[in-house]
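Residue strings, one per chain:
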Amino acid sequence: MKPLLINIKGITTLTILFGIAVVVFLFALPKFVTSTYALHIMILIFISVITGSGWNILGGYTGQYSVGHAAYFGVGAYTTMVLLQYRHIVPWYGIWAGAAVALATGLIIGSICFRLRGPYFVLASIAVAEIFRVSALNLKDLTNGAEGILISDIPPLQIGDTVITDFLSKVPFYYTGLVMAICVIFVTWLVQNSKLGYYFQAIREDQDAAHSLGINLTLYKNAALALSAIFTSFAGSLYALYVGFIDPGTVLDLGLSVQIVMSCIIGGIGTIFGPMIGAIILVPFSEALRSNVIAQALIDSGLVSEQSALGSFLKEQLSHAHVLIYGILLVVVILFMPDGILGFLRKLGAKKRKEAS
Amino acid sequence: MALLEINRVSKFFGGLAANSDISFEVPQGTIMGLIGPNGAGKTTLFNCITGFYPPSRGEILFNHQLMNGLHPDAVCKLGMARTWQKVRPLAKMSVLDNVMVGALCRTNSLRTARSAALEQLKVVHLEHRAGVKAGSLPIGERKKLEVARVLATQPKLLLLDEVMGGLNPAESEELIELILEINKLGITQMVIEHNMRAIMRISDRIVVLNSGEKLAEGSPEEIVANQAVVHAYLGESNA
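Chains as they are written, first to last, in the working numbering: chain C, 121 to 477; chain Z, 321 to 559.
Don't read these hints as lab results, they were simulated from the structure.
Mixed in with the good hints there might be a few duds.
Unchecked claim - Facing chain Z, according to a computed beta carbon distance under 8 Å, are these residues of chain C, among others:
(1) T133
(2) F138
(3) A141
(4) P276
(5) G334
(6) N336
Unchecked claim - A few chain C residues facing chain Z, derived, Cβ under 7 Å:
(7) A322
(8) N342
(9) I400
(10) I401
(11) F405
(12) E407
(13) Q416
(14) A417
(15) D420
What the hints assert, rightly or not - Simulated crosslink set (EDC-like; lysine to aspartate or glutamate; CA at most 16 Å straight-line):
(16) Z:K406 with C:E436
(17) Z:K406 with Z:E482
(18) Z:K406 with C:D459
(19) Z:K412 with C:D373
Idealized CB from N, CA, C, for every residue including glycine.
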């Protein structure tokens, strides 16, 4: 008996209903959640979902592990901000300009780096991203160097004379992020269910076999990179506008590149929902570490006494150790869940079903 | 009419001549056997023909079109497809998806590709494995999958690189049947094989390579009777 599980292109109606429910819930959320901190976390999650999904197209589906995606994030962020600050071009155009510049840089980088395979491609992608970071530090006329770019206010979004939003609270950013994330996930789904998706995965599994089956490697790798760069630059632009400040150390940093890859690996690469799960776990987790919620909770629950050496150590140091804990988490996931949390859950589900039948 | 013409093809790796001055023709609709001891340059020749290596010298003509310098994907689109000595399944994709990747060479529609792929799976008798991950197939079925996948690209010429390597006699027999069936579909084939019994049975003509050079060419009967070929395989007799 399988009443609700009718297959439409690999998704069940149950999943569709669940998806619609989640989307409706997310759209309604700002109506009854007024805490700006909660909205802040949600916006960060959306940005992480967009970047993760962007990386996933190139890294997860096509198997080209770029550890230089901060380049596209930064290019998007800087283009939007520079245009806004020095040319007074409103961000709704600036974001697209950012995507175009990211696309162009992506294709230039791709045509060079895609000659390399495996670890050499990874190293090249890191090197290219570093070039961008160092350039942004030194091209002071364009980027304001290490001081970064600070914007105080964003021009309101208008159609004709009607003001749609003035971007004064977090809510408009929340909706922008939500819509962008939904679009990116939808495009990923389209890709997965098209020739592109098949070709991307074939390239991931075996480049030579793919090549011999009539797949133009350069063309399809660059197509994957193009999509990936555009998504990542959208996230960069949104981040820049939301935070209002960028500098090379935040939007072009190697640490950011690593974080993008990590959230995908932890969630599950090469799947639509992997980056989402990675974002939902990692963003609140790192926020909790940073704001000392975890140490405080351990103390409050009475597990660790505040006066003990361990207690004071946790309270003092845990917030600084989030990178270390990230690292440990990554090692654990790679060792015990090589397909990420999503893959692990799926395997668990398959096992349960096997046992039941 | 010759579908494939190999015209004085040489391939050098540094000072090593992996292929030197090889010429032969593969007529339309036939099965051409390619044999030779290990290291004779059979796979290198396949790589040259299918665009993985550019030949250092000579010409490769397919359908009277010069193939030199074309990339493997272009070669495939023109109707020449190869399998690999070491099978290369797209491990994390299903058997059906593997064949669909081949079929997508000729169509942009997943639906068309899917039905074409199912048809090819029937040809190689793998339709019952369509939903299985390709990486979990045993070697015999992997070899068949490899054949189904290249068939799905609708080749005019199929190059099979040791499809029977590592198979037991029963599985080899199935592949022999398969190759003969493919021949009946009108697809020309070039087959590298170490299994002599098989190659003698299926080939219309055989080319023998040794140390990168063409040693002999002829019908299976002629090859068996050729002293130079026997020497290449068994060594010179001092008696």
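Now the hints, each set against the structure:
1. T133: violated, 20 Å
2. F138: Because about 24 Å separates F138 of chain C from the closest Cβ in chain Z, which is outside the 8 Å limit, the hint is violated.
3. A141: violated, 28 Å
4. P276: violated, 43 Å
5. G334: Since the shortest Cβ distance to chain Z is 4 Å, the answer is holds.
6. N336: Because about 5 Å separates N336 of chain C from the closest Cβ in chain Z, which is inside the 8 Å limit, the hint holds.
7. A322: A322 of chain C check passes; min Cβ-Cβ to chain Z is 5 Å, inside 7 Å.
8. N342: violated, 14 Å
9. I400: Cβ of I400 of chain C sits 24 Å from chain Z, so the hint is violated.
10. I401: Where the cut-off is 7 Å and the nearest Cβ of chain Z is about 23 Å from I401 of chain C, the hint is violated.
11. F405: violated, 28 Å
12. E407: violated, 34 Å
13. Q416: At about 43 Å, which exceeds the 7 Å cut-off, the nearest Cβ of chain Z leaves the hint on Q416 of chain C violated.
14. A417: violated, 39 Å
15. D420: D420 of chain C check fails; min Cβ-Cβ to chain Z is 45 Å, beyond 7 Å.
16. Z:K406 with C:E436: violated, 57 Å
17. Z:K406 with Z:E482: holds, 9 Å
18. Z:K406 with C:D459: Between K406 of chain Z and D459 of chain C the Cα gap is close to 26 Å, so the pair fails against 16 Å, i.e. violated.
19. Z:K412 with C:D373: Outside the cut-off at roughly 33 Å; violated.
In terms of the numbered hints stated before, the structure departs from hints 1, 2, 3, 4, 8, 9, 10, 11, 12, 13, 14, 15, 16, 18, 19, listed from lowest to highest.
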